[in-house]
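Respectively, the protein sequence lines represent chains G and F.
Quick note on my numbering: the first sequence kicks off at 1 and runs consecutively.
Quick note on my numbering: the second sequence kicks off at 1 and runs consecutively.
Hints in this document: simulated from the structure, not taken from any laboratory.
Any given hint might turn out to be false.
[To be verified] List of simulated lysine-lysine pairs, DSBU-like, C-alpha gap at most 30 Å: (1) G:K429 with G:K751; (2) G:K761 with F:K215; (3) F:K184 with G:K429; (4) G:K437 with F:K184; (5) F:K273 with G:K437; (6) G:K577 with G:K515; (7) G:K425 with G:K437; (8) F:K204 with G:K429; (9) F:K184 with G:K761.
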Amino acid sequence: MSLVGARVLRKEDPNLITGNGQYVDDLQPAGCTSMVFVRSTEAHAKIRSIDTAEALALPGVLAVWTSANIAQLANCPGGLPGLDQPLLAKDIVRFVGEGVAVVVATDRYIAADAAELIIVDYEPLPAVASLSAAMAPGAVVLHEVLGGNTVHFQDFENPLNEAFAAAPRTASLHIVNNRCAPSPIEPNVCLADWGRSGLTLWAAFQAPHHLRNTIAQYFGIPQDSTRVVAPDVGGGFGAKINFVPEFFLTALLSKEIGKPVKYTQTRSECLVAMLHGRAQEHDASVAFDNDGRILALKLTVTQDQGAYPNGTGMGLPVLTTAMAAGCYRIPAVAISWRNVVTNTTPVAAYRGAGRPEASFTIERLIDLIADETGVDPVEVRRRNFIPVDAFPYATHSPLAMYDSGNFAGALDELLKHVNYDELKKEQEKRRQDPAAKLLGIGFASWLEIAGFGPPGSLEAFGHLASWESAQVRIQPDGSAIIFTGASPHGQGTVTTYAQIAADELGIDFDRISVKHGDTAVVPQGIGTMGSRAVAVGGEGVKTASGRVYENAKRIAAHLLEASAEDIIIEDEKFFVKGTPARSVPWSEVAWKSFQPLELPGGMEPGALDSTVFQQVPNFSFPSGAYCCVVEIDRETGGVNIVNMYLVDDCGTVINPLLVEGQVHGGVAQGIAQALYEHMLYDPSGVPRTSTFMDYLVPAASDLPGYITGRINTPNPSNTLGAKGVGESGSVGAPPAVVNAVVDALSHLGVKHIDMPVTPIKVWNILEGAK
Amino acid sequence: MIPAQFDYVEATSVADAIRLLAEHGDEAKLLAGGHSLIPLMKLRLVTPATLIDVTHIKELSYIKEDGNNIVIGALTRHRDIEESDLVKKHLPLVAHVAGEVGDPQVRNRGTIGGSLVHGDPAADLPAAALATGATMVIAGKNGERRISAQDFFVDFLETDVQPGEILVAIEFPKHTDAGWAYEKFVRRAMDYSIVGVALQLGAKPGVALVNMSNKPHLAVSASQAIGKGAAIADVLAVINDDTNPPEDLNATVEYRQHLARVLTQRAFATASK
Numbered sequence: 001m002s003l004v005g006a007r008v009l010r011k012e013d014p015n016l017i018t019g020n021g022q023y024v025d026d027l028q029p030a031g032c033t034s035m036v037f038v039r040s041t042e043a044h045a046k047i048r049s050i051d052t053a054e055a056l057a058l059p060g061v062l063a064v065w066t067s068a069n070i071a072q073l074a075n076c077p078g079g080l081p082g083l084d085q086p087l088l089a090k091d092i093v094r095f096v097g098e099g100v101a102v103v104v105a106t107d108r109y110i111a112a113d114a115a116e117l118i119i120v121d122y123e124p125l126p127a128v129a130s131l132s133a134a135m136a137p138g139a140v141v142l143h144e145v146l147g148g149n150t151v152h153f154q155d156f157e158n159p160l161n162e163a164f165a166a167a168p169r170t171a172s173l174h175i176v177n178n179r180c181a182p183s184p185i186e187p188n189v190c191l192a193d194w195g196r197s198g199l200t201l202w203a204a205f206q207a208p209h210h211l212r213n214t215i216a217q218y219f220g221i222p223q224d225s226t227r228v229v230a231p232d233v234g235g236g237f238g239a240k241i242n243f244v245p246e247f248f249l250t251a252l253l254s255k256e257i258g259k260p261v262k263y264t265q266t267r268s269e270c271l272v273a274m275l276h277g278r279a280q281e282h283d284a285s286v287a288f289d290n291d292g293r294i295l296a297l298k299l300t301v302t303q304d305q306g307a308y309p310n311g312t313g314m315g316l317p318v319l320t321t322a323m324a325a326g327c328y329r330i331p332a333v334a335i336s337w338r339n340v341v342t343n344t345t346p347v348a349a350y351r352g353a354g355r356p357e358a359s360f361t362i363e364r365l366i367d368l369i370a371d372e373t374g375v376d377p378v379e380v381r382r383r384n385f386i387p388v389d390a391f392p393y394a395t396h397s398p399l400a401m402y403d404s405g406n407f408a409g410a411l412d413e414l415l416k417h418v419n420y421d422e423l424k425k426e427q428e429k430r431r432q433d434p435a436a437k438l439l440g441i442g443f444a445s446w447l448e449i450a451g452f453g454p455p456g457s458l459e460a461f462g463h464l465a466s467w468e469s470a471q472v473r474i475q476p477d478g479s480a481i482i483f484t485g486a487s488p489h490g491q492g493t494v495t496t497y498a499q500i501a502a503d504e505l506g507i508d509f510d511r512i513s514v515k516h517g518d519t520a521v522v523p524q525g526i527g528t529m530g531s532r533a534v535a536v537g538g539e540g541v542k543t544a545s546g547r548v549y550e551n552a553k554r555i556a557a558h559l560l561e562a563s564a565e566d567i568i569i570e571d572e573k574f575f576v577k578g579t580p581a582r583s584v585p586w587s588e589v590a591w592k593s594f595q596p597l598e599l600p601g602g603m604e605p606g607a608l609d610s611t612v613f614q615q616v617p618n619f620s621f622p623s624g625a626y627c628c629v630v631e632i633d634r635e636t637g638g639v640n641i642v643n644m645y646l647v648d649d650c651g652t653v654i655n656p657l658l659v660e661g662q663v664h665g666g667v668a669q670g671i672a673q674a675l676y677e678h679m680l681y682d683p684s685g686v687p688r689t690s691t692f693m694d695y696l697v698p699a700a701s702d703l704p705g706y707i708t709g710r711i712n713t714p715n716p717s718n719t720l721g722a723k724g725v726g727e728s729g730s731v732g733a734p735p736a737v738v739n740a741v742v743d744a745l746s747h748l749g750v751k752h753i754d755m756p757v758t759p760i761k762v763w764n765i766l767e768g769a770k
Numbered sequence: 001m002i003p004a005q006f007d008y009v010e011a012t013s014v015a016d017a018i019r020l021l022a023e024h025g026d027e028a029k030l031l032a033g034g035h036s037l038i039p040l041m042k043l044r045l046v047t048p049a050t051l052i053d054v055t056h057i058k059e060l061s062y063i064k065e066d067g068n069n070i071v072i073g074a075l076t077r078h079r080d081i082e083e084s085d086l087v088k089k090h091l092p093l094v095a096h097v098a099g100e101v102g103d104p105q106v107r108n109r110g111t112i113g114g115s116l117v118h119g120d121p122a123a124d125l126p127a128a129a130l131a132t133g134a135t136m137v138i139a140g141k142n143g144e145r146r147i148s149a150q151d152f153f154v155d156f157l158e159t160d161v162q163p164g165e166i167l168v169a170i171e172f173p174k175h176t177d178a179g180w181a182y183e184k185f186v187r188r189a190m191d192y193s194i195v196g197v198a199l200q201l202g203a204k205p206g207v208a209l210v211n212m213s214n215k216p217h218l219a220v221s222a223s224q225a226i227g228k229g230a231a232i233a234d235v236l237a238v239i240n241d242d243t244n245p246p247e248d249l250n251a252t253v254e255y256r257q258h259l260a261r262v263l264t265q266r267a268f269a270t271a272s273k
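Construct the entire structure; sequences and hints are all you get.
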């Protein structure tokens with residue numbers, strides 16, 4: 001029986017749900033000290049002086065550092081040269097939350113007390129807290145070297161003026177894709193111990209080898225004595241692939257004071273210091289005929305980079321524009337983008353990273369076309385889908401060569417669950433009844449680019465390479481250990497990899513362990529992001545397991561005096577096909593694989609240990625069709641999701657339970673962006689949503705039940721056929737929800753509502769229509 | 001999220017708590033369930049020199065019938081009130097509202113006295129105390145005194161409890177078999193209300209509004225109108241009298257006053273069921 005495809009319970013859960021997980025903050029080595037930040041309360045200001053005398057005098061304080069203590073050091077890696085963030089602000093602060101000073105003390109309470117005693121004298125400067133403010137003529141400039149606030153502008157190659165002029169119809173939208181704060185349960189945490197034998201950094205991170213490579217390079221120390229460990233990690237959503245000053249500061253301070261130094265971010269700090277996501281504005285225009293067929297699309301993305309642009313943030317509009325056309329055949333697509341700095345928290349990857357923004361805009365445009373032409377939104381989608389026989393399909397973007405999908409098939413499957421005609425009748429009936437709640441039905445046929453990636457793709461984001469490592473090692477007793485560089489932070493990789501390996505090796509699932517997150521244990525690695533853990537890392541496990549199995553068969557054949565081609569395995573026993581009575585168990589094959597006298601000619605001990613650096617030829621393209629049904633309370637403006645129907649195509653499913661979990665979580669985050677979350681700043685750059693009282697992360701009680709379905713078009717770029725599913729929900733849910741709300745209000749002439757759709761926004765629309 | 005240093009003492013009785021309050025003066029704070037105080041301390045918005053822990057004073061945790069009143073000890077937890085048959089029978093509004101506070105974790109720790117003395121205009125239980133016409137029993141070095149809920153709430157996070165005093169009990173007049181409703185408009189289930197309405201009908205009616213003023217707000221004109229048997233439309237016409245609603249990310253003044261009318265109307269509909 002194949003384990004791939006089975007609803008196997010997670011190996012991770014017994015520890016995690018009984019409180020026996022081990023996160024960085026659980027580690028308390030002897031002599032461990034605590035680091036606390038003083039963070040800027042100003043969005044933009046000169047630092048006149050920093051008085052640390054009182055803090056230094058507090059008993060228990062071991063060090064107080066400002067930029068003066070690290071004047072010779074380079075800025076935080078990952079940024080753009082000349083625009084990168086100092087480890088501690090030098091002379092000037094550019095966002096609320098930027099580190100100004102750090103205190104290390106014997107415990108966290110003393111460090112926090114000392115931090116309060118540090119007096120920073122600021123000379124406030126005008127701040128720009130929005131894209132429009134940053135781009136306004138005469139706006140204050142954040143980085144003088146730029147001369148303005150635009151970091152990079154990529155103009156249209158061809159603005160398609162003729163196509164738009166000739167089109168029967170055109171429509172445009174200005175869309176604000178709201179800034180979100182990733183808010184994993186575990187904030188940024190790290191612990192550095194820099195002793196005589198080198199530097200060990202424990203960090204809540206998604207890519208420990210990436211951090212090892214970078215931190216060794218930063219300090220000019222050899223990688224053989226630089227170790228990074230990511231133990232259990234409590235969520236990341238992309239925010240934990242960024243290099244942040246705390247990693248480098250704890251390391252430096254550990255070296256300075258000769259003790260381990262731990263930093264645990266507070267929740268309040270996490271909202272302003274952990275990098276944000278989304279924060280784009282789109283100017284989108286579409287040309288179409290009277291039947292709703294799209295003729296041309298034009299999109300300009302303006303990306304708010306926050307105060308210090310970084311490589312990942314700069315990549316966001318590239319991904320957004322690459323996926324601008326979604327799952328539609330559009331004859332002409334023009335893309336343009338602009339990266340702008342503002343006095344806000346820097347922006348980087350957040351679950352979906354650039355693709356939810358693309359999906360949101362194209363799916364809103366589809367509904368706009370439906371609204372303009374009177375063609376049903378479902379039909380507009382059908383008329384424009386890339387047909388199933390058109391793959392591989394070259395898009396306007398060299399990045400996006402769609403390799404598989406069945407967009408009409410996903411929509412068909414979705415409509416089996418949605419009683420669309422009845423819902424439309426019900427909608428009309430309720431519109432006539434002033435006491436009834438308004439009903440809205442919203443669709444999203446979404447597509448994303450994932451499975452990062454082909455050679456060169458992650459290198460462009462500063463990674464060593466785009467492969468993923470997998471080592472499969474058989475122990476002498478016939479159990480197996482898998483070492484992976486795809487360090488998980490909640491995905492269930494320990495379970496899915498064991499499932500894949502169990503099928504390939506014929507070893508019991510319970511005798512397969514997965515090790516990750518420690519650069520001293522895992523040979524090399526890249527990390528978990530961009531829905532790549534199964535599509536790339538899992539494929540590596542399959543490849544390495546297959547190699548080990550071939551060698552195991554050779555040993556078994558040698559022991560059975562048979563030919564390897566005739567050997568099969570059942571119940572962990574190798575035997576010649578047709579003669580199960582004479583068999584050799586895996587445990588014996590494993591044991592003897594280490595004994596030269598037992599091995600077939602030409603084989604050496606260690607043959608049941610294979611390391612693979614798995615490459616893939618292309619990205620993957622998960623897709624799906626979602627439908628959201630909402631009710632709107634006409635009196636309060638409150639929006640309630642009645643039903644959420646979800647059909648995913650993530651290719652081959654390794655574990656349906658985990659796929660559902662990823663979809664549920666991703667959809668929750670998508671609903672959160674659509675209805676609840678918005679990191680807001682006032683014009684002076686002060687965050688208005690600086691606690692969870694104002695930054696509204698929904699809980700289970702605020703979310704609907706989900707009705708899920710699935711189709712499978714296998715990924716042709718790996719033998720598993722898996723595409724990845726980590727980001728799907730966050731890509732598909734926001735347009736489905738907002739399309740439903742706009743649909744509910746369309747009889748009032750509503751064309752668009754920016755996220756999050758709050759009750760007061762809806763109430764103002766309803767009042768305005770009276 | 002790291003509180004400043006503080007001393008901690010445990011009070012063993014009401015008299016002991018009053019003695020400790022006198023001893024530690026203005027810099028001391030009483031600690032009951034801690035669900036309002038501790039978060040403020042972790043944000044260092046409040047930095048008491050001493051916490052006087054009153055949670056071990058068993059004599060303040062009770063629900064009892066006393067003639068025409070139900071009396072609830074100040075340290076009674078929300079969960080106990082929510083589940084009390086006595087409260088459900090005679091004060092169904094209070095039992096229901098106790099079950100609307102925060103989430104189960106909060107309700108298992110938080111106390112009614114703690115919630116009331118915090119004086120938060122956005123909190124649930126003050127509105128229930130106002131609508132039901134409760135009386136607060138406050139103890140000090142000169143013994144006990146009583147004050148109506150209406151006079152108890154003085155300003156934003158400020159009540160009539162004076163330095164050296166402790167709220168020991170709340171006396172609720174029974175509202176057996178009378179109509180009631182609590183309407184709460186929130187964005188997330190566990191949030192504070194954007195607006196809430198606590199409605200008590202019957203012989204001694206009252207309507208109180210959540211988050212519509214700088215303090216927990218008794219809608220006096222509306223309560224009087226209900227008492228005189230006014231039509232619902234007439235109650236709605238005066239429901240926003242004397243309100244002073246805050247403006248924030250969730251609501252403008254106009255929207256809050258609109259919600260107050262809508263929720264009051266719904267409260268009447270619910271109460272009549």
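Hint check results:
The straight-line distance between the Cα atoms of G:K429 and G:K751 is roughly 21 Å, inside the 30 Å bound, and the hint therefore holds. Of the pairs offered as hints, the one joining G:K761 and F:K215 holds, with about 27 Å between alpha carbons and a cut-off of 30 Å not exceeded. A threshold of 30 Å between alpha carbons decides the hint, and for F:K184 with G:K429 the separation of about 28 Å falls inside it, so the pair holds. About 18 Å separates the Cα atoms of G:K437 and F:K184, which keeps this hinted pair within 30 Å; it holds.
Our distance criterion of 30 Å between C-alpha atoms is met by F:K273 and G:K437, whose separation comes to about 21 Å. Proximity of G:K577 to G:K515 is assessed by CA-CA distance (about 34 Å); at most 30 Å being required, the pair is judged violated. Distance hint between G:K425 and G:K437 is fulfilled; the C-alpha atoms sit about 14 Å from each other, no more than 30 Å. A hinted pair counts as satisfied when its Cα atoms are at most 30 Å apart, and F:K204 with G:K429 does not qualify at roughly 42 Å.
For the given pair, F:K184 sits about 19 Å from G:K761 by alpha-carbon distance, which is consistent with the 30 Å threshold.
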